[in-house]
Amino acid sequence: MPEHSVGRWIRPVLVLALALVLGACGGSGYQTKGIEGLLPDLAFRLTSETGEPLTAEDLRGAPTVVFFGFTHCPDVCPTAMARIAAATEAAGEDLDGDLQVLFVSVDPGRDTPQRLADYTDFFSDRVTGATASVEQLRELTKRYRATFGYGEPNEFGDYNVSHSSAMYVFDARGQARALFRPSDSVTAMAADLRRIAEG
Amino acid sequence: MNTLVTWLQPWEPSLPVFAACALAVSLYAIGMMRGATPGFWPALSYFAGVALIYAVTQTHYDYYSQYLFSAHRLQHLVLHHLGPFLIALAMPATVLATALPARVRAWPRGPAAPLFGALRRVYRILQQPFIAGVLFVGVIYFWLTPEIHFDAMLSIDLYWFMNWTMLLDGLLFWWLIFERNDQAVTPRLSPGRRILLLALIMPPQIALGAYITFSGQNLFEIYDVCGRAFPIDPLLDQQIGGLITWIPAAMMSVMAAIIVLAFRLQGRDSDA
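The listed protein sequences derive, respectively, from chains A and B. Under this note's numbering, the first residue of the first sequence is numbered 1, with each subsequent residue one higher. Under this note's numbering, the first residue of the second sequence is numbered 1, with each subsequent residue one higher.
Do not rely on the hints blindly, as some may be mistaken.
[As the list claims (entries may be wrong)] Computed, partial: chain B to chain A, Cβ under 7 Å:
hint : residue
1    : Arg-34
2    : Leu-154
3    : Ser-155
4    : Phe-220
5    : Asp-224
6    : Val-225
7    : Gly-227
8    : Ala-229
9    : Pro-231
[Stated by the list, open to error] Residues of chain B placed beyond 10 Å of chain A at every Cβ, according to the derived structure:
hint : residue
10   : Pro-16
11   : Phe-18
12   : Ala-29
13   : Ala-55
14   : Pro-101
15   : Trp-160
16   : Leu-171
17   : Pro-191
18   : Arg-228
No lab work stands behind these hints, which were simulated from the structure alone. For glycine and all other residues, C-beta sits at the position ideal for the given N, C-alpha and C.
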């Protein structure tokens, strides 16, 4: 029947068209996940680990890796911070410019600026800690399509926090460029950091 | 009270979705006021369909759809299956047409006739049973391809694009299944062909749902990357999502087949 022959070509054409639409986003050539055009520019207003206000403008001029976590985090955060510290170390060796990492705590109830400063110092000098009120953090995480939630406290008052496990990489102008997932290797992260730092 | 207000507020306000729902409700209401008598059950079915679509996209429920795979699957079940199913079951074309001014109703025969003719041809191609069935299953598979799903959940524009394709394809498909008007533009299939089509779309949905449910690995990394709405075991979230893709989605085919049969019997009674 004629409609069957039409059906045979219409679907591949449709899938191809949609794939092209999707393929146009994200950017190519990244060893991690390219996110050009998928996420908005870096913009925020936080309180840094020194207790001073910190905005995205303060971080312009060098690529910035943003991670949302909390210092009581037992596994995901320390692993992620160790990985990004290693990747920035590896990428930074051949670079003239700087690379910076922003650790945004989504647990302002427990993470004071002092606690954040102690935590980030442990990993690397490149890492800065910051946090804000829960409402401000909601706005910020929502902008990057991330979220966080709190579990029920146990008898010691400890509670779990669900949060994004990704690292968002912005270039020196604050444009979203790549997303590092837990499955990405340190080598791939370092290669993409170098690429983003070079322009 | 505060909780209710929070729940009614959209997580991600979307003007097109809001406008489409408002237009759908007001046109139907105006149609009824102008003398269209759809009857109680069709009207209830229509409004319930629109309300469900609104509820999963423009209330706080949408927050969970974005940050839990299982909630996302339920959202798509409503957008692609249940909501359009209820709307198409009500066959609202007559009521909606009554709401339109005579001038607007004359558009297809006016200067824009060639445009309407072209639209009608495209529509009739999309509504060929084979194409309609492939599209219905195809959009589910397409958006559940892990890499594509990742981008769709990451970019807010792609997210809305995905939801619109689900909704529009759902409307097309269920309209084809429930069309009862001889003069309509939609191809009028025999009850047997409708039931065959409903049966044929079941196995691929069951296969996909079962694959997701029984997959031992985390297929949709995006929910870990973006964080989940609350701490929940990723595999449990995925299993619930798989079950929603599998069982209620396939059940809708069975329900639709029963309704198609009931219409057929009703038609016979009225012929006699």
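Starting from the hint list further up, note which numbers the structure goes against and sort them upward. Numbers 1, 4, 18, in rising order.
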